[in-house]
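First residue of the sequence shown? That's 27 in the numbering used here, and the numbers climb one at a time after it.
Possibly wrong hints are sitting among the right ones.
Said to hold, decoys possible - Computed Cβ-Cβ distance ranges for the label pairs, DEER-style:
| # | residue 1 | residue 2 | range |
| --- | --- | --- | --- |
| 1 | Leu-206 | Thr-286 | 25 to 31 Å |
| 2 | Arg-288 | Ser-192 | 18 to 24 Å |
| 3 | Asp-373 | Gln-225 | 23 to 29 Å |
| 4 | Val-143 | Phe-194 | 54 to 60 Å |
As the list claims (entries may be wrong) - Straight line, CA to CA, 27 Å or less: simulated DSSO-like cross-link-like pairs of lysine-lysine:
| # | residue 1 | residue 2 |
| --- | --- | --- |
| 5 | Lys-227 | Lys-200 |
| 6 | Lys-258 | Lys-162 |
| 7 | Lys-227 | Lys-159 |
| 8 | Lys-105 | Lys-376 |
| 9 | Lys-159 | Lys-149 |
| 10 | Lys-200 | Lys-376 |
| 11 | Lys-227 | Lys-84 |
| 12 | Lys-84 | Lys-258 |
| 13 | Lys-104 | Lys-159 |
| 14 | Lys-285 | Lys-200 |
| 15 | Lys-162 | Lys-227 |
| 16 | Lys-149 | Lys-227 |
| 17 | Lys-200 | Lys-104 |
| 18 | Lys-162 | Lys-84 |
| 19 | Lys-159 | Lys-84 |
| 20 | Lys-84 | Lys-149 |
| 21 | Lys-159 | Lys-258 |
| 22 | Lys-230 | Lys-162 |
| 23 | Lys-200 | Lys-105 |
| 24 | Lys-239 | Lys-149 |
| 25 | Lys-376 | Lys-104 |
| 26 | Lys-230 | Lys-149 |
| 27 | Lys-149 | Lys-162 |
| 28 | Lys-230 | Lys-258 |
| 29 | Lys-200 | Lys-287 |
| 30 | Lys-258 | Lys-149 |
What the hints contain is simulated information worked out from the structure, not anything from laboratory work. Cβ coordinates follow ideal geometry from the N, Cα and C atoms, glycine included.
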Amino acid sequence: MTTRKIRPTTTNPKDDPDYDLERYYYGDYTHRNFLTDFFLRYLEFSGEHLNFVETVYKVACFVAFFINLLHLFVLTRKKLRSNIVYIVMIGICISDIVQSFGTMMNEILTWNIIYEVENSSCKHPYLHVMGEKILKTLQYMSRRSTGILGLFIAVIRTISVIFPMSGFVHTVSKPRFGFLAIFITLIACTLWSLGYFVQAKVVKYISFCFYGKPTSYENYYLDGGTNEIIFKIIDGYIGICVSILYILVTIFLVVELQKTKRRRKNLRNDKPNNTSSFVIAMAISTFASEFAYGLVFTVEHFIFGFEMFQTLKTLFMHLNSITLLFLMASSFSHIFVCFFMSSQYRDTVKRLVWTEKEKKGKTKIFVMETTTTLPATIDSSKTNGSSKRTF
27 MTTRKIRPTT TNPKDDPDYD LERYYYGDYT HRNFLTDFFL RYLEFSGEHL NFVETVYKVA
87 CFVAFFINLL HLFVLTRKKL RSNIVYIVMI GICISDIVQS FGTMMNEILT WNIIYEVENS
147 SCKHPYLHVM GEKILKTLQY MSRRSTGILG LFIAVIRTIS VIFPMSGFVH TVSKPRFGFL
207 AIFITLIACT LWSLGYFVQA KVVKYISFCF YGKPTSYENY YLDGGTNEII FKIIDGYIGI
267 CVSILYILVT IFLVVELQKT KRRRKNLRND KPNNTSSFVI AMAISTFASE FAYGLVFTVE
327 HFIFGFEMFQ TLKTLFMHLN SITLLFLMAS SFSHIFVCFF MSSQYRDTVK RLVWTEKEKK
387 GKTKIFVMET TTTLPATIDS SKTNGSSKRT F
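From just these sequences and the hints, can you work out the full model?
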């Protein structure tokens with residue numbers, strides 16, 4: 027007869043998967059808790075997914091670059107250059123192209139096309155790192171100019187709805203004012219991005235390569251230091267402010283449009299306005315991308331200020347690729363917003379696509395002379411009399 031083994035009433039703490047012997051003896055200076063442990067497990071699980079997102083972002087940059095080149099070609103047609111909205115859209119499109127071009131070139135530099143990468147585990151030569159520094163500076167400039175120019179379109183449209191008969195609105199709605207707005211915005215954003223260019227330093231890498239043979243060229247890397255973190259935080263604040271102003275102006279525009287729609291309905295003159303729908307769609311895409319981009323750096327700033335959240339630093343560094351993917355999605359949407367929300371843009375595209383068909387479809391026109399009685403053809407025979415009619 028076998029005796030029944032009595033089960034213990036307590037559990038061995040070492041059997042607990044959350045039991046950490048090192049923390050039991052030495053304590054935990056980071057004050058890790060369930061939340062931070064969860065994020066650490068999440069980082070291990072999502073590492074491959076975040077790398078996949080980064081790859082998708084790089085591919086999207088290549089696709090967006092060529093799509094925006096096509097978009098720029100349409101926007102520069104003569105028919106669209108007479109409208110200030112499309113003129114400002116030219117500036118936004120150029121900024122989107124610069125944003126995509128920066129990521130493209132950073133990727134192409136690693137493809138052994140411009141120079142041979144001798145050891146991928148080492149750093150890069152001086153010209154590579156300097157090029158990366160210049161491209162990042164241009165990307166900061168283009169990122170800010172896109173949001174500000176989009177906000178400018180919303181403000182101009184809102185003012186024109188509120189004060190349709192104002193002379194000031196008529197002046198700022200001229201095409202030349204749009205070119206002036208683009209020029210001022212690009213100059214201001216370039217000066218702002220130069221702050222990053224000055225703070226980031228190209229530093230010589232004095233350590234040895236971890237794997238493989240040493241390279242024949244000297245290795246350098248880009249070191250922004252604490253100033254770069256401060257620059258990114260301020261840039262994030264600017265992005266949040268621009269996106270909030272953008273959405274507030276758009277809400278105000280919608281309210282004014284409803285009032286105008288009621289007045290037109292009373293006057294039986296209810297005409298759809300696709301320009302306002304275009305501005306609203308632009309506001310939604312810009313708000314989603316700019317707010318997400320600014321929020322990541324803002325939250326990162328507050329988390330980095332507390333030692334207990336240092337373990338989340340890696341997570342927010344990876345989230346940067348996701349926010350940049352939002353920016354690229356916003357860049358993608360511009361051409362589709364213009365096409366589906368603007369009949370003038372669609373007509374321009376149709377005229378570019380079907381030009382050859384229109385030429386082939388032309389027919390000969392026969393001109394007829396009319397008289398008070400019966401029509402006569404141009405080739406009708408002439409008589410010796412004064413009358414030119416043929417009966």
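Right, here's what the structure says about each hint:
no.	hint	result
1	Leu-206 <-> Thr-286: 25 to 31 Å	holds (28 Å)
2	Arg-288 <-> Ser-192: 18 to 24 Å	holds (21 Å)
3	Asp-373 <-> Gln-225: 23 to 29 Å	violated (47 Å)
4	Val-143 <-> Phe-194: 54 to 60 Å	holds (57 Å)
5	Lys-227 <-> Lys-200	violated (43 Å)
6	Lys-258 <-> Lys-162	holds (12 Å)
7	Lys-227 <-> Lys-159	holds (9 Å)
8	Lys-105 <-> Lys-376	holds (13 Å)
9	Lys-159 <-> Lys-149	holds (14 Å)
10	Lys-200 <-> Lys-376	holds (26 Å)
11	Lys-227 <-> Lys-84	holds (25 Å)
12	Lys-84 <-> Lys-258	holds (21 Å)
13	Lys-104 <-> Lys-159	violated (37 Å)
14	Lys-285 <-> Lys-200	holds (25 Å)
15	Lys-162 <-> Lys-227	holds (13 Å)
16	Lys-149 <-> Lys-227	holds (14 Å)
17	Lys-200 <-> Lys-104	holds (15 Å)
18	Lys-162 <-> Lys-84	holds (15 Å)
19	Lys-159 <-> Lys-84	holds (18 Å)
20	Lys-84 <-> Lys-149	holds (21 Å)
21	Lys-159 <-> Lys-258	holds (15 Å)
22	Lys-230 <-> Lys-162	holds (19 Å)
23	Lys-200 <-> Lys-105	holds (14 Å)
24	Lys-239 <-> Lys-149	holds (13 Å)
25	Lys-376 <-> Lys-104	holds (14 Å)
26	Lys-230 <-> Lys-149	holds (9 Å)
27	Lys-149 <-> Lys-162	holds (17 Å)
28	Lys-230 <-> Lys-258	holds (23 Å)
29	Lys-200 <-> Lys-287	holds (25 Å)
30	Lys-258 <-> Lys-149	holds (23 Å)
Taken one by one, the earlier hints fail for this structure at numbers 3, 5, 13, listed in ascending order.
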